[in-house]
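Engineer: Going line by line, the protein sequences match chains A and B.
Residue numbers for the first sequence follow the working numbering, so the first one is 13 and each next one is one higher.
Residue numbers for the second sequence follow the working numbering, so the first one is 13 and each next one is one higher.
Check each hint, because a few of them may be wrong.
In this list, chains with the same sequence are indistinguishable; a pair is considered to hold if it fits within one copy or across any two.
The calculated EDC-like cross-link candidates involving lysine to aspartate or glutamate, where the alpha carbons are at most 20 Å apart (straight line), are [unchecked claim]:
1. Lys50 to Glu65
2. Lys114 to Asp78
3. Lys44 to Glu81
4. Lys114 to Asp29
5. Lys114 to Asp31
6. Lys90 to Asp78
7. Lys90 to Asp29
8. Lys44 to Asp25
9. Lys90 to Asp25
10. Lys50 to Asp29
11. Lys50 to Asp25
12. Lys114 to Asp25
13. Lys44 to Asp78
14. Lys44 to Glu65
15. Lys90 to Glu112
Hints were generated in silico from the structure; no laboratory data involved.
Protein chains: 2
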Amino acid sequence: MIKVSVMYPNSPDATFDIDYYCNAHVPMVGEKLGAALKSVSVDSGLAGSGPGESALFLAMGHLIFDSVEDFQHAFGPKTEEIMSDLANFTNIQPQIQISEIKA
Amino acid sequence: MIKVSVMYPNSPDATFDIDYYCNAHVPMVGEKLGAALKSVSVDSGLAGSGPGESALFLAMGHLIFDSVEDFQHAFGPKTEEIMSDLANFTNIQPQIQISEIKA
Chain A
13 MIKVSVMYPN SPDATFDIDY YCNAHVPMVG EKLGAALKSV SVDSGLAGSG PGESALFLAM
73 GHLIFDSVED FQHAFGPKTE EIMSDLANFT NIQPQIQISE IKA
Chain B
13 MIKVSVMYPN SPDATFDIDY YCNAHVPMVG EKLGAALKSV SVDSGLAGSG PGESALFLAM
73 GHLIFDSVED FQHAFGPKTE EIMSDLANFT NIQPQIQISE IKA
């Protein structure tokens, strides 16, 4: 199983509408990617590790697929449709990472 | 539910022993934190989003607790013991983020 983490870095002028993300963006992505997408989880950044420290990422979405190939086949043809929705909930350019789920 | 993400940034000279992490560090952390720790997941970075791009983080450990208070009560007294094990598997200073699990 692999995880595609879409991470939205925090900054002083960053905006992120977590309600739109959870209630509109993630369901739309689920519809576009179909059965290849096994599950999604969403984290909303609360804090860093030190007192008064901000979260590094305002939000993170984690998408689970059986393999990198499954992700690429499902996401490739839908990239533009999915990415064009970002302006509806954030001014942040997300950072994307693909990981192997070890545990 | 909250998630404490311990993220190990990638860099050219970064080292990380994922086998030690999964088989020794995470079990030790589980023992120290006890019942407050609800579950742990481990991601091993494979790639970034572009062709040939490296993963932003070599590894990420995600620890789930019922609340920030539960995490603080469990982790506080054990911080030194847990952090002193890092030298056994990495030369990276991890970045830590606390998130609310929205989905």
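Engineer: Could you work out which earlier hints the structure fails to respect and list their numbers in ascending sequence?
Structural biologist: Hints 1, 7, 8, 9, 10, 11, 12, 14, 15 contradicted; others consistent.
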